[in-house]
Amino acid sequence: MRLGIPPPITADWVFWIVAIFILLTALGVVFIKNVIHAALALGACFFGIAAIYILLHAEFLAVAQVLVYVGDITVLILFALMLTRGIVRPYLEKWGAPVAAGVVIAVLLGGMFCRYLTTASSYLAPASKAAPLESLTRYGIVLAFSRQLITDYLLPFEVASGILLMALVGAIVLAREERPDDAG
Amino acid sequence: MTLVSCMVLAALVFSIGLACVIVHRNAVRVLMGIELMFNAVNINLVAINYFHPQPAGAHGVFLTGQLFAVFVITVAAAEAAVGLAIVLAVYRNLRTINVDQASTLKF
Numbered sequence: 001m002r003l004g005i006p007p008p009i010t011a012d013w014v015f016w017i018v019a020i021f022i023l024l025t026a027l028g029v030v031f032i033k034n035v036i037h038a039a040l041a042l043g044a045c046f047f048g049i050a051a052i053y054i055l056l057h058a059e060f061l062a063v064a065q066v067l068v069y070v071g072d073i074t075v076l077i078l079f080a081l082m083l084t085r086g087i088v089r090p091y092l093e094k095w096g097a098p099v100a101a102g103v104v105i106a107v108l109l110g111g112m113f114c115r116y117l118t119t120a121s122s123y124l125a126p127a128s129k130a131a132p133l134e135s136l137t138r139y140g141i142v143l144a145f146s147r148q149l150i151t152d153y154l155l156p157f158e159v160a161s162g163i164l165l166m167a168l169v170g171a172i173v174l175a176r177e178e179r180p181d182d183a184g
Numbered sequence: 001m002t003l004v005s006c007m008v009l010a011a012l013v014f015s016i017g018l019a020c021v022i023v024h025r026n027a028v029r030v031l032m033g034i035e036l037m038f039n040a041v042n043i044n045l046v047a048i049n050y051f052h053p054q055p056a057g058a059h060g061v062f063l064t065g066q067l068f069a070v071f072v073i074t075v076a077a078a079e080a081a082v083g084l085a086i087v088l089a090v091y092r093n094l095r096t097i098n099v100d101q102a103s104t105l106k107f
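Residue numbers (the working numbering), protein chains in the order written: chain A, 1 to 184; chain B, 1 to 107.
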């Protein structure tokens, strides 16, 4: 099953560079004035998260992330921004109390999360390195992933297809322009 | 790269997404914040899956976190499509997509 793929990059500095990139682009989503530029920063953030997935041995998810998030959701957001372009105000209404409250709530929540995670690190440490995911090749992980997806998780798989169909029909019905000469 | 550093990264991305949802009034930017929060949850799922000890023997691989993340991505795609369709419908009817001005349902 080994296909001669080089071993994955697990160096620490790669993770930190990608993490800083993700945080900077995510901050850009909130604080960039131009909405289109914020949407592009969101796409860059999705790319960084795909890199994190590769570092965590989730290659299928990394590809799905690029296809679905970068190729689909970012483009959808850009289309929605272009269709409503005329009235989009460039930025926040003003730096009033609601905006300050939002920033304060987010900072408090993030600080609380970080403090809890760093103090609870002894609980989060793995008990034993029994058989880490590195013991498989990348190909083996994708193989096991797809096998579990259509055996153990077949019912959620089918339900997901139903949800996508309903979302498709619902989006068309909602976004359809209703003209008076439409016969029902 | 440890589990804690991955989860701290996810927590920070989640907080930034929450700030985006609270701060902005443009409905599309609110949806962008929601997508950021989805991604933070996915990072957590994949990281916990990676650092979880694998079962011994040839009984297969522990991949529940990754499979869960796939379903999260599916639902996020459906949510984005329907959400943006709602934004367009609101824009057609009210000529605005600011969430504080679309207050017809407000009591």
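Think of the hints as simulated: they come from the structure by calculation, not from any bench. These numbers were taken from a predicted model, which means no experiment stands behind them. Every residue gets a Cβ at the ideal spot worked out from N, C-alpha and C, and that includes glycine. Keep in mind that the hints are not guaranteed to be accurate.
[What the hints assert, rightly or not] Using C-beta positions, here's what the derived DEER-type ranges look like:
1) B:VAL99 x A:LEU165: 41 to 49 Å
2) B:VAL75 x A:PHE79: 15 to 23 Å
3) A:LEU155 x B:ARG95: 19 to 27 Å
4) B:PRO55 x A:MET82: 46 to 54 Å
5) A:VAL169 x B:LEU94: 50 to 58 Å
6) A:PHE157 x B:LEU94: 35 to 43 Å
Hint by hint, here is what the structure shows:
{"no.": "1", "hint": "B:VAL99 x A:LEU165: 41 to 49 Å", "in the structure": "28 Å, violated"}
{"no.": "2", "hint": "B:VAL75 x A:PHE79: 15 to 23 Å", "in the structure": "20 Å, holds"}
{"no.": "3", "hint": "A:LEU155 x B:ARG95: 19 to 27 Å", "in the structure": "44 Å, violated"}
{"no.": "4", "hint": "B:PRO55 x A:MET82: 46 to 54 Å", "in the structure": "49 Å, holds"}
{"no.": "5", "hint": "A:VAL169 x B:LEU94: 50 to 58 Å", "in the structure": "24 Å, violated"}
{"no.": "6", "hint": "A:PHE157 x B:LEU94: 35 to 43 Å", "in the structure": "39 Å, holds"}
When held up to the earlier numbered hints, the structure conflicts with 1, 3 and 5 and fits the remainder.
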